[in-house]
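Asks: Chains as they are written, first to last, in this note's numbering: chain A, 1 to 417; chain B, 1001 to 1217; chain C, 2001 to 2266.
Hints listed in this document are in silico derivations from the structure and should not be mistaken for laboratory results.
Not one of these hints is a red herring.
Covered, in the sense of this in silico footprint (three residues per stretch, anywhere, with C-beta under 8 Å from a C-beta of chain C), are these stretches of chain B:
#1 1021-1027
#2 1030-1037
#3 1054-1061
Lysine-lysine pairs mimicking DSS-like chemistry, simulated, CA-CA at most 30 Å apart:
#4 LYS2146(C) x LYS2230(C)
#5 LYS1125(B) x LYS1093(B)
#6 LYS2090(C) x LYS2146(C)
#7 LYS1093(B) x LYS1118(B)
#8 LYS2235(C) x LYS1044(B)
#9 LYS2090(C) x LYS1044(B)
#10 LYS224(A) x LYS334(A)
#11 LYS2146(C) x LYS1044(B)
#12 LYS2127(C) x LYS2146(C)
#13 LYS2034(C) x LYS2230(C)
#14 LYS2090(C) x LYS1125(B)
#15 LYS323(A) x LYS334(A)
#16 LYS1044(B) x LYS2230(C)
#17 LYS2096(C) x LYS2146(C)
#18 LYS2127(C) x LYS2096(C)
Quantities reported herein were computed from a predicted structural model and do not represent experimental measurements.
Ideal placement from N, C-alpha and C gives every residue a C-beta, glycine not left out.
Listed here are the chains, written in short residue letters.
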Amino acid sequence: MALPQNKIVRWIDHRLPVFSFLDHELNQYPTPKNLNYWWNFGSLAGIMLMIMIVTGIFLAMQYTPHVDYAFDSVERIMRDVNYGWLMRYIHMNGASFFFIITYIHIFRGLYYGSYKTPRELLWMLGVVILLLMMATAFMGYVLPWGQMSFWGATVITNLFSAFPGIGNGIVTWLWGGFAVGNPTLNRFYSLHYLLPFVIVGVVGLHLVALHQHGSNNPLGIDRKGPQDSIPFHPYYTIKDMFGLGVFLIVFALAVFYFPNLLSDPQNYIPANPMQTPPEIVPEWYFLPFYAILRSIPSKLIGVCAMFGSILVLFIVPWLDTSKVRSAYFRPIYKWVFWLLVIDCFVLGWVGAHRPEGWFVVIGRIGTIYYYLHFLILLPFIGWFEQPLPLPPSISSPVLKKKGGGRVARAAAAREKP
Amino acid sequence: MAESVQSQPAGAHAEEGTRRDFLVIAANALMGVGAACVAWPLIKSMNPAQDVLAAGAPVDIDISSVQPGQQIVVLWRSRPIFIVRRPPDMLTKLQSDADRSLLRDPDSEVVQQPPYAKNQYRSVKPDVLVLVGICTHLGCIPNFVPAAGGSLGDNWPGGYFCPCHGSRYDLAGRVFSGVPAPYNLPVPPYHFVSDTVVRIGENPPDSTFDFASIEQI
Amino acid sequence: MTRRLLMPALVGSALLAASSGAWAQEADNPPLPKIDWSFTGPFGTFDRASLQRGFQVYNEVCSACHSMNLMSYRDLEGPAALGYSEDEVKAIAATKQVTDGPNDQGEMFQRPGRPADRFVAPFANEKAARAANGGALPPDLSVIIKARDGGPDYVHDILTGFRDPPAGFSMAQGMNYDVYFPGHQIAMPPPLTDNRVTFADGTPATIDQEARDVATFLTWASEPTMEERKRTGAKVIIFLLVMTGVLYGAKRRVWSDLHDKDNHGD
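Only chain A is shown next, with the shape it has when bound in the complex:
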């Protein structure tokens, strides 16, 4: 599709090439034609970021970041502000769904080898986005100033005291006082407002890196030519919109019918520095990391193990030694991948319970297995695995594909002799 001949369009484009930029990146940008629905989650994450920023800005018009007023201001939003309940529930559940989408997006990358060359920086920028999201979510959860807000903040900021020598200084600096209090709340509010825009910037870099070489695809083989590609618009724009519709239905079910399913009732109790809740539990998306933290008896090593579990993601492109990208063609890695998924769920389940009895044992096994997967299994499987033969190209018929029997047969029938 050529640029419109409209004079105004050309006048603007000559000075600020928005239109030719959009045309290049949407209409002409070649995308593999075999992407499946697991590829919807990137755009879904971007849209979720927009939703969180918009609802957040409108909530910020009504919220008061002071320890004496914060809890009440949130309840005022729920009761007195027109549609306040809607904005609050969308923002609150939106955080959970943002993490669901992002975790699926990450696991898609791990399964199909999207982190492999030449997409290493794309992957690493993604890990940076994950870290920024976790910081943003942690600070956001403090703002309602409920029991979990306060005590979760206390526990997590206290982690930094593990660092020898400078630890206590860092914690006092983070708090702005002798304990989590009003200075802490105010600075978390400021940073919680700031970080999403930093995320937007890193997402921009993430997309630039993506467009450099284009998307990976389920087969994990490079596009060889125009026969393997289709323009992003209209094919993937409409597919992304459809995926968005499906997602919004699930999201709406949560927001309108189960808005408190994923949250802790303790956070509807105003923060009380004099009384610790019976269980301090972070939001579900932090539970696996919480389990790793608590599985190690030493405070410092526990903290290192927890941060390490995210930092290890940075070096995945180099840990995985396989020449083959997609797990389609990696029979051993495929099972190991699902073991990792199970391990993450198990760690999450452990993180939700008190660290006693069997939970301690399982938590330790889960933590060891997590690191085993990345540091031992990834390199070794890459060296010793016999991958299945790769098809010559995306367009040519694929001999062995899950659920592709009839498709392959139809393709073979159309194959010129």
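For this one, chain A is given, so just place chains B and C on it according to the hints.
Replies: Frame of chain A; chains B and C shown alone:
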């Protein structure tokens, strides 16, 4: 990234093209409706919340201790409300031609007051004046200067002087000609619930005046 | 495509099933009896008569010790709330004495309540509340239903769960035995008895009825916009179903002109 891609020409399947266009148009329309439905509650959320509206409820003021010639200032809907007890000599001045000739809108033609206050005294009872104390120029609070003459000039009859840009009003809040302010000071809805208690923000039972219909707060 | 989804679906649902109840407190309590409330479910609504009776129970019994600082009397007005008229709400508020001020002498004074006032609290501050209750703080009830696992069932069951302690169970000083309270020892003495209040609509005021009604009222108070939320949800989801259906059709149409459908995803 130099390769570009030719998509299938849209006209290749004319009949399917029409069906595809309809679906795409319908999809776009529905997404537009959806976006509008999302924007609507966000914009409405910026309207005054229920507690703010409740705080704008009428207030009862006891004026039994207000002396003749004295003004008190109270708050209603976060705005200053002037309440003056006017002695008879103030009232006679309001009827004089000398006073009328200085004014831009002596008969209160512009809707700056409820109909029950559209009279020569601009009040329900002549001896009690109730005004919204916000200059109709740019919103400052005018000073109460009831004494005639003095630093404001020999033909100053007594009234209000706004320090910001010099607008002047008489002792019924009517604006002078030749000053920046365009309109008389507004009169809020009010009525007497007893001889000594005036309720600001509520019409008398027989009136349905809407305060939002005045020209300029 | 379905086979490709099988593994993740199996793994996901198996682990979700295993992790269900992960947030519930584990204690040796008997399971909470669950009541079939009128407001649960996607089409649930509040029974207005029950709400009014529940407010009466709160007003006459609970408000002696428990504040509801986030509620205002004006919140009770209207068909979306308890169904009281403006005059009824003014009358309810006027029965209360509210601290206001400072007056022109600089002193605080008492005056009859107005609809815009918050619910009058029984104690001036937390310390006064603790001093009057043997060191225990009766929690504020504004969001109590959302602040407890089990919500309305929990509140109802606590209120109807008072018993004599079983033989051999040693009670701490000043505590009361409750079957459903975690740990079984609650500082609150049993607040409800049969006919503790007389309902204006003639409903027999058994302990169970009083407990149901006050739990209903407290559920409403924790989230007054619940019915509006569910109604809006129905409209939104129906719209989304239609829109997603059209988008699916549009997607199929747009993709149909790819002749070589074999190697593209779904």
